[in-house]
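Peer 1: Those protein sequences? They're chains F and L, same order as listed.
Take the first sequence: its position 91, counted from the start at 1, is 91 in UniProt numbering, and no numbers get skipped.
Take the second sequence: its position 73, counted from the start at 1, is 73 in UniProt numbering, and no numbers get skipped.
No lab work stands behind these hints: they were computed from the structure.
Note that CB positions come from ideal geometry on N, CA and C, so glycine has one too.
Some hints here could point you the wrong way.
As the list claims (entries may be wrong) - A partial selection of chain L residues facing chain F, derived with a Cβ cut-off under 8 Å:
id : residue
1  : Arg186
2  : Val206
3  : Gln210
Unchecked claim - The following label-pair restraints were derived from C-beta to C-beta distances:
id : chain 1 : residue 1 : chain 2 : residue 2 : range
4  : L       : Gln182    : F       : Lys383    : 23 to 31 Å
5  : L       : Val198    : F       : Ala445    : 38 to 46 Å
6  : F       : Thr57     : L       : Val198    : 29 to 37 Å
7  : F       : Thr349    : L       : Gly115    : 55 to 63 Å
8  : L       : Arg285    : F       : Glu28     : 39 to 47 Å
9  : L       : Gln182    : F       : Ser413    : 22 to 30 Å
10 : F       : Glu123    : L       : Leu354    : 36 to 44 Å
To be verified - Every beta carbon over 10 Å from chain F, so not counted as near; a handful from chain L, in silico:
id : residue
11 : Ser35
12 : Leu79
13 : Tyr93
14 : Phe98
15 : Val103
16 : Gly111
17 : Glu113
18 : Ala243
19 : Ala247
20 : Leu249
21 : Ala256
22 : Val359
What follows is each chain in one-letter form.
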Amino acid sequence: MITFDHVGFRYAPGLPAVLDDVSFTIPEGDLCLLVGSTGSGKSTLLNAVNGLVPWFTGGRLSGTVWVDGRSTRTHRPRDLAGVVGSVGQNPLTSFVTDRVEDEIAYGMEQLGLAPSTMRKRVEETLDLMGIADLRNRPLADLSGGQQQRVAIAAVLAAQPRVLVLDEPTSALDPTAAQDVLASITTLVHEVGLTVLLAEHRLERVMEFADTVAWLPGDGSVQVGPAAQVLARADVRPPLVDLARRLDWPSVPLTVRDARRRVRALGIAVPDPPQRVLPTTSAVLELGELAVRYGELVAVDQLSAGFRAGEVTALMGRNGAGKSSLLWAIQGAVASSGRVDVDGEDPRTTSAARARELVTLVPQIAADLLYLPSVAAECAQADKESRRPAGTTAALLDELGVHLAMARDPHDLSEGQRLALVLAIQLASHPTVVLLDEPTRGLDYATKAALALTVRELAARGSCVIVSTHDVEFAAASTDRTMVMADGQIIADGPTRTTCTSSPSFSPQLAKVFWPQPIITVADLPVPVARA
Amino acid sequence: MPAVVPAPHAITATRRATHPWAWWCWAIGAAAAVSLTHNLALIVAISVAVTLVVLTRRSDAPWARAMGLYLGLAGIIVLTRLVFQITIGGIRYGTVLFTLPHVALPRWAAGIEIGGPVTLEGIVFTLSDAGRLAAMIICLGCANALANPRQALRCVPAALYEVSTALVIALSVAPQLVESAQRVARARRLRGGGARGVRAAGALIVPVLQDAVERSMSLAAGMESRGYGSTRDQTRVGHGAGAAMLASLALLGFGAFALLSLSDGAALALVSLGAGLGCAVAALRIAGRRLAVTRYRPSPWQAREFITAFSGLATLGAMLVLARTAPQVATPTNSPVSWPPLDPLMAVVVGLILVPIAVTTVPPEGQA
Numbered sequence: 001m002i003t004f005d006h007v008g009f010r011y012a013p014g015l016p017a018v019l020d021d022v023s024f025t026i027p028e029g030d031l032c033l034l035v036g037s038t039g040s041g042k043s044t045l046l047n048a049v050n051g052l053v054p055w056f057t058g059g060r061l062s063g064t065v066w067v068d069g070r071s072t073r074t075h076r077p078r079d080l081a082g083v084v085g086s087v088g089q090n091p092l093t094s095f096v097t098d099r100v101e102d103e104i105a106y107g108m109e110q111l112g113l114a115p116s117t118m119r120k121r122v123e124e125t126l127d128l129m130g131i132a133d134l135r136n137r138p139l140a141d142l143s144g145g146q147q148q149r150v151a152i153a154a155v156l157a158a159q160p161r162v163l164v165l166d167e168p169t170s171a172l173d174p175t176a177a178q179d180v181l182a183s184i185t186t187l188v189h190e191v192g193l194t195v196l197l198a199e200h201r202l203e204r205v206m207e208f209a210d211t212v213a214w215l216p217g218d219g220s221v222q223v224g225p226a227a228q229v230l231a232r233a234d235v236r237p238p239l240v241d242l243a244r245r246l247d248w249p250s251v252p253l254t255v256r257d258a259r260r261r262v263r264a265l266g267i268a269v270p271d272p273p274q275r276v277l278p279t280t281s282a283v284l285e286l287g288e289l290a291v292r293y294g295e296l297v298a299v300d301q302l303s304a305g306f307r308a309g310e311v312t313a314l315m316g317r318n319g320a321g322k323s324s325l326l327w328a329i330q331g332a333v334a335s336s337g338r339v340d341v342d343g344e345d346p347r348t349t350s351a352a353r354a355r356e357l358v359t360l361v362p363q364i365a366a367d368l369l370y371l372p373s374v375a376a377e378c379a380q381a382d383k384e385s386r387r388p389a390g391t392t393a394a395l396l397d398e399l400g401v402h403l404a405m406a407r408d409p410h411d412l413s414e415g416q417r418l419a420l421v422l423a424i425q426l427a428s429h430p431t432v433v434l435l436d437e438p439t440r441g442l443d444y445a446t447k448a449a450l451a452l453t454v455r456e457l458a459a460r461g462s463c464v465i466v467s468t469h470d471v472e473f474a475a476a477s478t479d480r481t482m483v484m485a486d487g488q489i490i491a492d493g494p495t496r497t498t499c500t501s502s503p504s505f506s507p508q509l510a511k512v513f514w515p516q517p518i519i520t521v522a523d524l525p526v527p528v529a530r531a
Numbered sequence: 001m002p003a004v005v006p007a008p009h010a011i012t013a014t015r016r017a018t019h020p021w022a023w024w025c026w027a028i029g030a031a032a033a034v035s036l037t038h039n040l041a042l043i044v045a046i047s048v049a050v051t052l053v054v055l056t057r058r059s060d061a062p063w064a065r066a067m068g069l070y071l072g073l074a075g076i077i078v079l080t081r082l083v084f085q086i087t088i089g090g091i092r093y094g095t096v097l098f099t100l101p102h103v104a105l106p107r108w109a110a111g112i113e114i115g116g117p118v119t120l121e122g123i124v125f126t127l128s129d130a131g132r133l134a135a136m137i138i139c140l141g142c143a144n145a146l147a148n149p150r151q152a153l154r155c156v157p158a159a160l161y162e163v164s165t166a167l168v169i170a171l172s173v174a175p176q177l178v179e180s181a182q183r184v185a186r187a188r189r190l191r192g193g194g195a196r197g198v199r200a201a202g203a204l205i206v207p208v209l210q211d212a213v214e215r216s217m218s219l220a221a222g223m224e225s226r227g228y229g230s231t232r233d234q235t236r237v238g239h240g241a242g243a244a245m246l247a248s249l250a251l252l253g254f255g256a257f258a259l260l261s262l263s264d265g266a267a268l269a270l271v272s273l274g275a276g277l278g279c280a281v282a283a284l285r286i287a288g289r290r291l292a293v294t295r296y297r298p299s300p301w302q303a304r305e306f307i308t309a310f311s312g313l314a315t316l317g318a319m320l321v322l323a324r325t326a327p328q329v330a331t332p333t334n335s336p337v338s339w340p341p342l343d344p345l346m347a348v349v350v351g352l353i354l355v356p357i358a359v360t361t362v363p364p365e366g367q368a
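Work out the full structure: start from the sequences and follow the hints.
Peer 2: Take a look at the structure:
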């Protein structure tokens, strides 16, 4: 269905090749998972399938990409619209109309299909994606998961043979992500679509993959059966980590598979020691904190205490009030109730003083950046924090990210930009550090580095609160987990207990070793004993 | 129970939204009609009639709730004119109601008089003159409240397809830009709000612009990969379209000039306007041929749309007849003031405006 025939691509002559003499074939009806760290060329490869690379992006392509017998050399992306459907990370930015039904029909209108055909296909697609009850709703009012399903429906209506998805679940909470992924697997199994899917959080999708294409980052692509390619790829979801730790030659693709193997091999592990939570008094106290947006209550009379040296994960579905809580603690969003950081209220102090008490890294880190170079941003941060020049730059080095000072912050990768904003925000040496969804769009290596940074901050005596959807990240880096729903805390306790007791928030290893409270590979002893 | 029932034949049997352009045609007809009269009774009657149609036929959509806004605007216009007429007004003759003390102004303001006798003639003239403008605004407000603006944009000739696509995108992107500006403004506090002056503006504008550019790039890529423009003919539009468009502009311009300025140019104006309209339609047809996009569930144009649109034109027609046959009714003399004269044709005008109530329905919920 998709054939890459000695394909090479570089964005400009002189720049390193993103794809270098790549040849592979994906047969019809396969779900191919694209893995690789940030910047390894996943998006480029995806866009090459429908010709956006190089027709839209520019650059130099050698070799030929064949899709359903058509070459992207002679067919523009618009000519391939009936063959390849592509869906991006953020559906809201690519919607052309404003109503669900119109959006689904848009692609077919462009192809000039007969109105009766369109009518029939819109109904079929609505049913296929299970969104018939949304048909008259404005797109902007839908939740993230619904928007993503509408975006998929909108490309499906043109009845393409190939579906290309670039991290379709990166902005979604685990339940919504599951919905979207379930829809995608339905398409593979029932409709027989060929699907090419790039995804950072492999643990959720690898069980569905027929083949995996790994981009090591040097321009090559390794394609093969999922269990074998994942065993050597540099991306390490928990089950891959487990397989390597236990020296298994192939990777179990599902929790069920892993659990069976552990049983069959008679692997016995002792319960990990309970991490002792610090018993010092709370440095951040919240009393009946409430945030309202008009009629909507985002945070509902919430009381809690947070200690220095403790990392807390804040979990819960989208719209549960996690972000509102963090913003309210910082004081940038109006709230009622009590916030107390070492005897001061960040909401009533000056913004500069508030920054020394509580610092927040927002979900969209780029919102904080506005200067033309990394050096200028660092210098500005030193001034804002009233610290000697060079403080921020030194912090950036400490975070293990070495950036050329002349680079434009907007050209950085997701992980580099997060590190820069983190350094800027930490320059004030705050008592409390708040991170809002920092793991969004990060690959495993960057996530592991972030986990280290977070632990380091706590070890130095900061109180850290991280809101996240990523249970694996929470398991690896936090001491305490709070689960929010409807603006209230519904569970609060050590991460190990909270995460193993709830199925939707338990990491994969917890499911493999249940009922033992193993949550990361680090909990396994060396060497692992066999019974 | 019989299994076969006769098909519903009344035009209003099914509840559906009426074509937006039919409402516009109706409203413009009413607005044009009201612009031709100074008869206070007729102005009030037309305003009440169009408002009545809105109240019975509007949906629950946000734009439908904007009617109050237009009524308020109309009220403000009338009030402002009245205040100016009473204080510095130009008409000081006739029946004196009361007299305001005269204020002496310095020499450089000579020609403006504040205060003086306030007369019934002045008040009545102002009411009918400002009322006419207010009534026209109410008519256009009615069209806004009844016609779904997005649906109206969707129902344009194929030649204007690209323009309407751009407008639809602009309508949905504008609130997103506002949201992104709010988000960035909120984030500024996180850095201590240290930036001032030009830097502060930069701190707001740079991230918002960056957001906007990224958004439009992603939208463009999305549209391209979904086949935008894939049916466009590679051949250029023929010269016929350009020539027809130029001819229609010239004819429409001349027609409007003849109608408004030439003393006996009515016939000439009508011919010229008609020919101009014909040329415009032809030009749009030719230009639209190169794009073979189709429409999903286009708003139907059926009996109720014909009747609604026609009732607007007929209102204007009846008004023209009234102005010709009974000019003293359409434009009653202002001095001495009397009760507005009545004429049977006035009832016809108002009745025609009310016709849509009989042929249209309230749109079903969520489909306005």
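Peer 1: With reference to the structure, classify each hint as holding or not holding.
Peer 2: Okay, the hints, checked on the actual structure:
1. At its closest, the beta carbon of Arg186(L) sits 5 Å from a beta carbon of chain F; the interface hint therefore holds under the 8 Å criterion.
2. Residue-level restraint check for Val206(L) holds (minimum Cβ-Cβ distance to chain F is 4 Å; threshold 8 Å).
3. For Gln210(L), the suggested interface contact is upheld, since its CB lies about 6 Å from the closest CB of chain F, less than 8 Å.
4. Separation of Gln182(L) from Lys383(F) is about 26 Å and conforms to the stated range, judged on CB atoms against 23 to 31 Å.
5. Against the hinted window of 38 to 46 Å, the Cβ-Cβ separation of Val198(L) and Ala445(F) comes to about 39 Å, which satisfies the hint.
6. Against the hinted window of 29 to 37 Å, the Cβ-Cβ separation of Thr57(F) and Val198(L) comes to about 34 Å, which satisfies the hint.
7. Under the hint 55 to 63 Å, the C-beta atoms of Thr349(F) and Gly115(L), about 57 Å apart, fit the expected range.
8. A C-beta distance of roughly 43 Å is found between Arg285(L) and Glu28(F), which places it inside the suggested range of 39 to 47 Å.
9. Between Gln182(L) and Ser413(F) the CB atoms are about 27 Å apart, so this pair conforms to the stated range of 22 to 30 Å.
10. For the hinted restraint 36 to 44 Å between Glu123(F) and Leu354(L), the CB-CB distance of approximately 38 Å keeps it satisfied.
11. Against the 10 Å criterion, Ser35(L) stays outside the reach of chain F, whose nearest CB is about 35 Å from its own CB.
12. A cut-off of 10 Å between C-beta atoms confirms that Leu79(L) is not in contact with chain F; the least separation is 32 Å.
13. For Tyr93(L), the requirement that its beta carbon stay farther than 10 Å from each beta carbon of chain F is met, with the minimum near 55 Å.
14. No Cβ of chain F approaches the Cβ of Phe98(L) within 10 Å, the least distance being about 48 Å, so the stated non-interface status holds.
15. The claim that Val103(L) is not at the interface with chain F holds, since no C-beta of that chain comes within 10 Å of its own (minimum 48 Å).
16. Every beta carbon of chain F lies more than 10 Å from that of Gly111(L), the smallest distance being close to 52 Å; the non-interface claim holds.
17. Against chain F, the non-interface label of Glu113(L) holds: every CB pair exceeds 10 Å, the least being about 51 Å.
18. Taking the minimum C-beta to C-beta distance to chain F, about 27 Å, the non-interface status of Ala243(L) holds against the 10 Å cut.
19. Every C-beta of chain F lies more than 10 Å from that of Ala247(L), the closest at about 30 Å, which supports listing it as non-interface.
20. Look at Leu249(L): its CB is around 30 Å from the nearest CB on chain F, clear of 10 Å, so calling it non-interface holds up.
21. The beta carbon of Ala256(L) is kept farther than 10 Å from every beta carbon of chain F, the shortest such distance being approximately 36 Å.
22. No beta-carbon of chain F is positioned within 10 Å of the beta-carbon of Val359(L); the least distance is around 24 Å.
Figure legend: structure checked against the earlier numbered hints; every hint is met.
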